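**Q** Given next are the chains, with one letter for each unit.
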Amino acid sequence: MDIIKQISDNLQRGEDEEVYNFTRRAIEQNLPAKSILDDGLIAGMSVVGEKFKAHEIFLPDVLLAAKAMYAGMDQLKPLMIKEGIPTIGKVVVGSVQGDLHDIGKNLVAIMLRGAGFEIIDLGNDVPPEKFIDTALENEAAVIGMSALLTTTMPVMKKVVDLVKARNLSDKVKIIVGGAPLTEDYARQIGADAYGFDGMNAVDKVKELLGLH
Amino acid sequence: MREIVEISFENIIPDKIAVLKNQGISKLSDLTDKVNQLCDDALALFKELNNPIGVYSELSKGLFEEIYEGEGANEVPSPVAEIFPRAKKLALFALTVGGELSDKIVELFENHDYALGSMLDSVASEATENAGIYMESYYFSSVVGTDNISIDDLVMRYSPGYCGWHISGQGKLFEFLNPEEIGIELNDSYLMMPLKSISGVMIVGSREIHEFEIAYRFCDECKTMNCRDRIKEILDR
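So the protein sequences, as listed, match chains B and H.
Residues in the first sequence are numbered consecutively from 1, following our numbering.
Residues in the second sequence are numbered consecutively from 1, following our numbering.
Please keep in mind that the hints were generated in silico from the structure rather than gathered at the bench.
Please read these numbers as outputs of a predicted model, since none were measured by experiment.
From the three backbone atoms N, C-alpha and C, an ideal C-beta is built for every residue, glycine too.
This list has only true hints and no planted wrong ones.
Derived pair list, reagent style EDC-like, types lysine to aspartate or glutamate, alpha-carbon separation capped at 16 Å:
id : chain 1 : residue 1 : chain 2 : residue 2
1  : B       : Lys157    : B       : Asp192
2  : H       : Lys27     : B       : Glu56
3  : H       : Lys21     : B       : Glu56
Incomplete in silico selection of chain H near chain B, CB under 10 Å:
id : residue
4  : Asp113
5  : Ala115
6  : Asp121
7  : Thr224
Just need the whole structure built from these sequences, with the hints factored in.
**A** Given below as structure tokens:
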């Protein structure tokens, strides 16, 4: 079987050691890094994403696949940098100021990485200006914010207002999510999108960037 | 009456099926060997790292009214405001399953062991809920037979951040209860640390006082609706 297909198939099964080994072999065989990435790793995660949406597999399966993806990406990264292969986009993510919950944010970051995005993860308790400054420094087109407390949700509006005040609305799009949030709330505060889970966030970010 | 309650692992062992449901797996036919092993690994880790403890303190209805009022941000009307005046006894409580678990979850994610980190998070969440149930049971067994409380009465807990009780209510609750004594801190956003902690009020009374219609203004915005299960539990008892 074609080695790239082996990477994709093993990733879908969550076999991180096999993905590591096959990626290693693909690199040694001088296969193009972009092909290993697009047709092996991202293609595998894409199948995982579709199966998850169809309720054929569940969160643990997705996360096992994500670990396998990481095993492959970790080896591919130096090659991608060397060959100047860009990611499909950059996203700054974080839990807003005052909020220390980060499981949801982590899951979104994992799914976005699996889709080929570069993630700049600011962690938790992130002040409003830091989201924007980091996005500008890294030329990230999307800011993703998470909040799990009603007391921290208002920080999201501060970020949206700051983006508008600095005339960056065309340059930086904002997606929000978290247990107490709704699509209505996202709309009220002027966010560009709302993601109800990791997979949905991937779809919404792709829409925001015109990648669908 | 104020008491620090020692809670053991045996009191809060998470139910595997509940953990898997938390991970989105509601049918055993969907469970693979790999995920089953993951769950077992997470349960073993939880057993190693858990350090549960709780505290409760009884108070008068008048004092609770003041604490419940908090920063004046509660929804009006709300279930708790309508239930507590009919209580036979009230006690504020707080508990945690321990901070090492949260640290371990962070470590697992940092090491890209996402599936185990997420599963451990679900185990810890279920265990925290079980600790809440244990606390209710412990408190009830200490008051039944006193102050006109019979075995036909029951205890239910209600927490800030739910059912119209604004999360800022944690502030006054913490001032009164002082859960810092058992290692639970509150940040400026009213977030408890360790993360796997819960707090609130335990209300003892007849089952009728705890049955409420899910028809409050904020019910439409609620994503969990776990009051339904709790009310069903009352009706089934």
